[in-house]
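Here's the letter readout for the chains.
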Amino acid sequence: MSDALTVVVLVLVAAAATAAVAQRDPARQALVLSFLGVLLAALFTVLQAPDVGLSQLAVGSALTPLLIMLSVRKVRRRGRSKEGPE
Amino acid sequence: MHVLPYLIAAYIFLTGCYGLATSRNLIHAVGCLAVCQSATYVLLLAVGYRDGGTAPVFSDMRPGSRPVVDPVVQALTLTDIVVGATVTALLLALVLQIAKRHGTIDPDELRELRG
Amino acid sequence: MNRLRLVLLTVGGAGLAALLVAACLRLPDFGGRRHPYGDRAVHASLSRHTANTIASVNFDQRAYDTLGEMSILFAAVLGCVVLLRQAGDERRARPEPAEVARPVRRYALLVLPVALLTGLYVIAHGQLSPGGGFQGGVVAATALHLLYLGADYRALERVRPLGVYETTDSLAVAAYLVLGTAGVLAGTAFLANTLLPYGTFNTLSSGGTVPLLNAAIGMEVASAAVVLLAHFLDQAVEIEETTGERTEGAHER
Amino acid sequence: MNGWILAATVELGGAGAAALWGVTTGPPARRVIAQNLTTSAVCPALLLLAQGYGRPSYVDLALLLALLGPVGTLVFARLLSDDLAGDSPSAWALTWAAAALGAAVVVALCVAGDPGRATVKLLVIGALLIGGNLIASRALAGGFRGVAGG
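Protein chains in written order, with numbering that gives the first Met the number 0: chain A, 0 to 85; chain B, 0 to 114; chain C, 0 to 252; chain D, 0 to 149.
Misleading hints may appear alongside valid ones.
Claimed, not checked - Short derived list, chain C residues pointing at chain B, Cβ under 7 angstroms: (1) Leu19; (2) Leu26; (3) Asp28; (4) His34; (5) Ser70.
Unchecked claim - Footprint (simulated), chain C over chain D, 3 or more residues, beta carbon under 8 angstroms: (6) 53-61; (7) 64-72; (8) 123-136.
Calculated from the structure, these hints are not laboratory results. In this text, a Cβ means the ideal position worked out from N, Cα and C, and glycines have one as well.
Just chain A, with the same shape it has in the complex (with noise of 0.2 angstroms):
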């Protein structure tokens, strides 16, 4: 029964990790990303790491999704106004 469940929770964050390599636009994989920051937490719960778990939703959730749109909205911007003047 509780191998039931980490087999289920393994293989969707086996899928998961597969999504995020195979998203190739940075803000898409960012969605994915954080999705696989929850999934990890579940994972870990499911293998008796509650304080793993925690560093994971903390940094994973929110932390990790805000740094890569920030990268990404930054170097957009510079396309843009690059644009302009030429």
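Since the structure of chain A is provided, determine the placement of chains B, C and D on it from the hints.
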């Protein structure tokens, strides 16, 4: 079941490496590196797991009443997650600096610029 | 060129995969009964009255290791600050005030104190229940940025004197080192948990120096995350390049 | 092992797979909705697991997810507002279904446990989860219209 979690960890690591090597965008590459990192977390925690065990946190249970999983690997993983996030931030800062200096974040175009 | 790289990647990946699978098959079985280090760590933690064994491993048995992690964190933040500083050819543009839908704004302002409090709770109960300085620090820092998400960047800048957070970051690192050195001065070893009485099991003051080191890490992580996000926000929202001579200058550097 | 873990397995497997499918395919509008529903899918599962393992301290994870999950969605709603401006993404039927799922799980756990501090904590988590879910949906459906450069 005995090796499945280890194999999944190896698979996630290889997937992340594939993404890193074929990435056309440095921000995407940093995301792939984050995937590689998560493979190490899965591996470490799988090594420390014990069937029927529970977390070695005794605020809501009597010590010794239930078998517990290995706390050492958990401690390693938990610090690594937060430190890994700041290292991701450092890499993203490098990417922004590259975008500023060279006007592109495609690794192939960067190589042509240098050559 | 591209083809060569793909071939190399396939060969290297296949080799690595074979080695990893071989290694996985020789690892102890998943869910096995033998965890010698784990059992010893649990025993040591209980003998020092720390309810959360993971906190005990982090801040007592392997506190030296955490010092290393903390210096990586500190160095990474320092690197970001240097890389993302405002360069000579850049100027700051004040962002326009944002119009956010009223329920979203209200939600942000309502949840901000709740999240901040949760962060502090997670830090304070680190040696008892799941949590600790690393997790709670990130939560508290994220909570502050609800002000950017729910209102605008200027509102965040008003409650976030960056200098204070940079100083707090360094002070927290210093506090960790001082606590470690105090052990040496007391006649034992660096970061040894012999300074304070162990207290009553499962109370806030139990565990000797564990709660103090935990609080120092919480301060460090929280202010480090705030400083990091501040520099990224500056770059994404405020700092603009002065356009014009940029395109020629790019290749010379 | 017991019914709670079985429920968590079914819930996590079904909702997790659906959210993964939603977050990887389709236009950006659909992806952010799926990202928002991740919180509502995983948080009840975490509560069920805490009950199934008999560890009240695991509830902290659900509390943190209920707090930070919507914050993550607000990040995307704000920083992707240009991409989302064309088709304002809203799926209110799904949103209410997710809210009902969260409410059902919280009520079931409140009934199963003894009344006390744990019940209050559960109710707070339920309120944060449902409120956060609704507000994040609202934010996606044009909550950041006026955000230009900021």
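Here is how each hint holds up against the structure:
1. Leu19: With a minimum Cβ separation of about 4 angstroms from chain B (threshold 7 angstroms), the hint on Leu19 of chain C holds.
2. Leu26: Where the cut-off is 7 angstroms and the nearest Cβ of chain B is about 6 angstroms from Leu26 of chain C, the hint holds.
3. Asp28: Where the cut-off is 7 angstroms and the nearest Cβ of chain B is about 4 angstroms from Asp28 of chain C, the hint holds.
4. His34: holds (4 angstroms)
5. Ser70: violated (10 angstroms)
6. 53-61: Answer holds; 4 residues pass the 8 angstroms Cβ test.
7. 64-72: Satisfied; 4 residues make the cut.
8. 123-136: holds (count 4)
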